[in-house]
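*Asks:* Go ahead and model the full structure; you've got the sequences and the hints to work with.
Counting the sequence shown from 1 gives a position; the working numbering is that position plus 2.
Possibly wrong hints are sitting among the right ones.
List of simulated lysine-lysine pairs, DSS-like, C-alpha gap at most 25 Å [to be verified]:
(1) Lys7 / Lys24
(2) Lys83 / Lys102
(3) Lys24 / Lys11
(4) Lys84 / Lys102
(5) Lys102 / Lys122
(6) Lys78 / Lys99
(7) Lys99 / Lys24
(8) Lys122 / Lys134
Pairwise CB distance ranges (calculated) [unchecked claim]:
(9) Phe47 / Arg16: 53 to 59 Å
(10) Ala93 / Trp132: 52 to 58 Å
(11) Asp62 / Trp132: 57 to 63 Å
Simulated from the structure, these hints should not be mistaken for laboratory data. Every residue gets a Cβ at the ideal spot worked out from N, C-alpha and C, and that includes glycine.
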Amino acid sequence: MATRKLVVKTSDLRKAIPMRVKLQAALLAAGFSFEEVTTPGAIEFDHTPPLGLRRVVGNDFDPPQHAPQYITPRAKADHRKKTSGAGATCADSDVHKIHKARRLSREHEEFQARILAPDKKRDERPRSKWPKRQIARRRK
Numbered sequence: 003m004a005t006r007k008l009v010v011k012t013s014d015l016r017k018a019i020p021m022r023v024k025l026q027a028a029l030l031a032a033g034f035s036f037e038e039v040t041t042p043g044a045i046e047f048d049h050t051p052p053l054g055l056r057r058v059v060g061n062d063f064d065p066p067q068h069a070p071q072y073i074t075p076r077a078k079a080d081h082r083k084k085t086s087g088a089g090a091t092c093a094d095s096d097v098h099k100i101h102k103a104r105r106l107s108r109e110h111e112e113f114q115a116r117i118l119a120p121d122k123k124r125d126e127r128p129r130s131k132w133p134k135r136q137i138a139r140r141r142k
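*Replies:* Right, dumping it as structure tokens:
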């Protein structure tokens, strides 16, 4: 009697790769260190452009807040630097850009209100007449 060997295929033992492992592999391929990838909270996801600079359309933003092409994984320190600035100043940070956009839009709204408001001072004063040109006199 011949004994049969049990043949096991690799495909029979292969499990589906969990989403967490796929994400870690993608982050490693993107240049993050193994320590950053495996430490919880070491990588944060950044919206580019920031949500504060996007237009609100209905219940979402334009572009949408969860659109993958506008989300960038960053190391926690890099994300903090991009959001709040280098430390000494907030120049060229997301916070600075958001505040500047709000300030400019507020100033623009005030300017529009001034331009569109009726000018009461102009109506109160009488219209001036152009001075008449006097005829030159001849001297003899």
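*Asks:* So does Phe47 sit 53 to 59 Å from Arg16, Cβ to Cβ?
*Replies:* 30 Å, violated
*Asks:* Would you say the C-beta atoms of Ala93 and Trp132 sit inside 52 to 58 Å of each other?
*Replies:* Once the Cβ atoms are compared, 53 Å apart, the range 52 to 58 Å for Trp132 and Ala93 holds.
*Asks:* For the range 57 to 63 Å, tell me whether the beta carbons of Asp62 and Trp132 fit it or not.
*Replies:* At 60 Å between Cβs, range holds.
*Asks:* Is Lys84 close enough to Lys102, meaning Cα to Cα at most 25 Å?
*Replies:* 16 Å, holds
*Asks:* Hinted pair, alpha-carbon criterion (25 Å max): Lys24, Lys11. Please report holds or violated.
*Replies:* Cα-Cα ~24 Å, so holds.
*Asks:* If you draw a straight line from the CA of Lys7 to the CA of Lys24, is it 25 Å or shorter?
*Replies:* 35 Å, violated
*Asks:* Would the hint linking Lys78 and Lys99 be met if the CA-CA limit is 25 Å?
*Replies:* Status holds; Cα separation ~20 Å.
*Asks:* Would the pair Lys99 and Lys24 pass a check requiring their Cα atoms to be no farther apart than 25 Å?
*Replies:* Violated: Lys99 and Lys24 sit about 34 Å apart, past 25 Å.
*Asks:* Between Lys122 and Lys134, is the straight-line Cα distance small enough, at 25 Å or below?
*Replies:* 28 Å, violated
*Asks:* Are the Cα positions of Lys83 and Lys102 separated by 25 Å at most?
*Replies:* 18 Å, holds
*Asks:* Would you check the hint for Lys102 and Lys122, treating anything up to 25 Å between C-alpha atoms as holding?
*Replies:* 33 Å, violated
Hints 1, 5, 7, 8, 9 from the list above are not met by this structure, while the remaining hints are.
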